[in-house]
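Colleague: Sequence:
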Amino acid sequence: MSIQAGKEAVRETSAAYAVDRESEKTPGRMTFEEFLAWGDEDTWAEWVDGEVVVLTPAGVKHQQIARFLGDLLGNFVLMRQLGEVIPAPFTIKLPAPQERGREPDIVFISRERLHRLKPTYFDGAPDLVVEITSPESFARDRGEKYVEYEAAGVKEYWLIDPDRQQAEFYRLGEEERYRLHTAGAGGVYHSEVIPGLRLKTAWLWQDPPPAGVEALREMGVI
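So the sequence shown is residues 1 to 222, counted in full-length UniProt numbering.
Don't read these hints as lab results, they were simulated from the structure. Given the structure is predicted, the values throughout are model-derived calculations rather than measurements. There's no promise every hint is true.
[As the list claims (entries may be wrong)] Quick list of in silico lysine to aspartate or glutamate cross-link-like pairs, DMTMM-like style, CA-CA up to 25 Å: (1) Lys61 - Glu218; (2) Lys118 - Glu51; (3) Lys155 - Asp49; (4) Lys155 - Glu176; (5) Lys61 - Asp42; (6) Lys118 - Glu33; (7) Lys200 - Asp161; (8) Lys118 - Glu99; (9) Lys155 - Glu168; (10) Lys118 - Glu84; (11) Lys200 - Glu214; (12) Lys155 - Glu84; (13) Lys61 - Glu41; (14) Lys155 - Glu192; (15) Lys155 - Asp71; (16) Lys200 - Asp163; (17) Lys118 - Glu150; (18) Lys61 - Asp161; (19) Lys155 - Glu175; (20) Lys61 - Glu136; (21) Lys155 - Glu112; (22) Lys118 - Asp40; (23) Lys155 - Asp123; (24) Lys155 - Glu103; (25) Lys155 - Glu174; (26) Lys61 - Glu144; (27) Lys61 - Asp207; (28) Lys118 - Asp42; (29) Lys61 - Glu214; (30) Lys61 - Glu168; (31) Lys118 - Asp49; (32) Lys118 - Glu148.
[As the list claims (entries may be wrong)] Label-pair ranges, simulated between beta-carbon atoms: (33) Trp38 - Arg217: 39 to 47 Å; (34) Arg29 - Ala185: 44 to 52 Å; (35) Val188 - Glu51: 35 to 43 Å; (36) Met30 - Ala211: 38 to 46 Å; (37) Gln166 - Thr31: 32 to 40 Å; (38) Val54 - Gly186: 37 to 45 Å; (39) Val53 - Pro97: 15 to 23 Å; (40) Arg29 - Val221: 43 to 51 Å.
The beta carbon of each residue, even a glycine, is placed where N, CA and C say it ideally should be.
Using the sequences and the accompanying hints, generate a full structural model.
Modeller: Okay, structure coming up:
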């Protein structure tokens, strides 16, 4: 093969690869079942009104907080046999009439609702959803998802903002509307849906956050 022919082959291969990658990013309209089949365990995407929304990669601080909370909540729930804590990427299919397949950073599903946990998604509203904001997701997490989770009946919604070092904790009230609950004395938040869990918000802003087991020890759990 000549050098020129080789260059042409490389260009054709590169062009075909670019088309393939673009089709992966924007696969077009599909059903929820097609969305599940299209993605895999490494896919970071959501399903909104029949369209696929590919999520941008997370930053270091986002991942540090996600790892800490996943470790803390996961171990606490496991020790007390309260249910399941599942980190992203994992899809939740919000109940009708919403056509949404969201991928929160962390979800907690109580033992009483584990029957709705499917092999590749959760069918319904988790008891707790945690979203850690980024510049790209800030408006979506505070706007669209806030409204969706409230309407779906997610009992607690934690909104963690690493840039502002701000943690907001929302709980569904009797009128099925979110009400903001702040951390109490010492900057400690007491969860309602995970009985006995205490989260010191200062842990979130440490660089890096402590290990989950250290936080549990400080709480006096272990």
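Colleague: Compare the structure with each hint and give your call.
Modeller: Hints versus structure:
no. : hint                       : verdict
1   : Lys61 - Glu218             : 22 Å, holds
2   : Lys118 - Glu51             : 22 Å, holds
3   : Lys155 - Asp49             : 23 Å, holds
4   : Lys155 - Glu176            : 9 Å, holds
5   : Lys61 - Asp42              : 20 Å, holds
6   : Lys118 - Glu33             : 13 Å, holds
7   : Lys200 - Asp161            : 15 Å, holds
8   : Lys118 - Glu99             : 18 Å, holds
9   : Lys155 - Glu168            : 14 Å, holds
10  : Lys118 - Glu84             : 12 Å, holds
11  : Lys200 - Glu214            : 12 Å, holds
12  : Lys155 - Glu84             : 15 Å, holds
13  : Lys61 - Glu41              : 22 Å, holds
14  : Lys155 - Glu192            : 9 Å, holds
15  : Lys155 - Asp71             : 21 Å, holds
16  : Lys200 - Asp163            : 18 Å, holds
17  : Lys118 - Glu150            : 22 Å, holds
18  : Lys61 - Asp161             : 10 Å, holds
19  : Lys155 - Glu175            : 12 Å, holds
20  : Lys61 - Glu136             : 14 Å, holds
21  : Lys155 - Glu112            : 14 Å, holds
22  : Lys118 - Asp40             : 15 Å, holds
23  : Lys155 - Asp123            : 15 Å, holds
24  : Lys155 - Glu103            : 17 Å, holds
25  : Lys155 - Glu174            : 11 Å, holds
26  : Lys61 - Glu144             : 23 Å, holds
27  : Lys61 - Asp207             : 8 Å, holds
28  : Lys118 - Asp42             : 18 Å, holds
29  : Lys61 - Glu214             : 19 Å, holds
30  : Lys61 - Glu168             : 17 Å, holds
31  : Lys118 - Asp49             : 21 Å, holds
32  : Lys118 - Glu148            : 21 Å, holds
33  : Trp38 - Arg217: 39 to 47 Å : 43 Å, holds
34  : Arg29 - Ala185: 44 to 52 Å : 51 Å, holds
35  : Val188 - Glu51: 35 to 43 Å : 41 Å, holds
36  : Met30 - Ala211: 38 to 46 Å : 40 Å, holds
37  : Gln166 - Thr31: 32 to 40 Å : 38 Å, holds
38  : Val54 - Gly186: 37 to 45 Å : 40 Å, holds
39  : Val53 - Pro97: 15 to 23 Å  : 19 Å, holds
40  : Arg29 - Val221: 43 to 51 Å : 47 Å, holds
In summary, the structure agrees with every hint in the numbered list given earlier.
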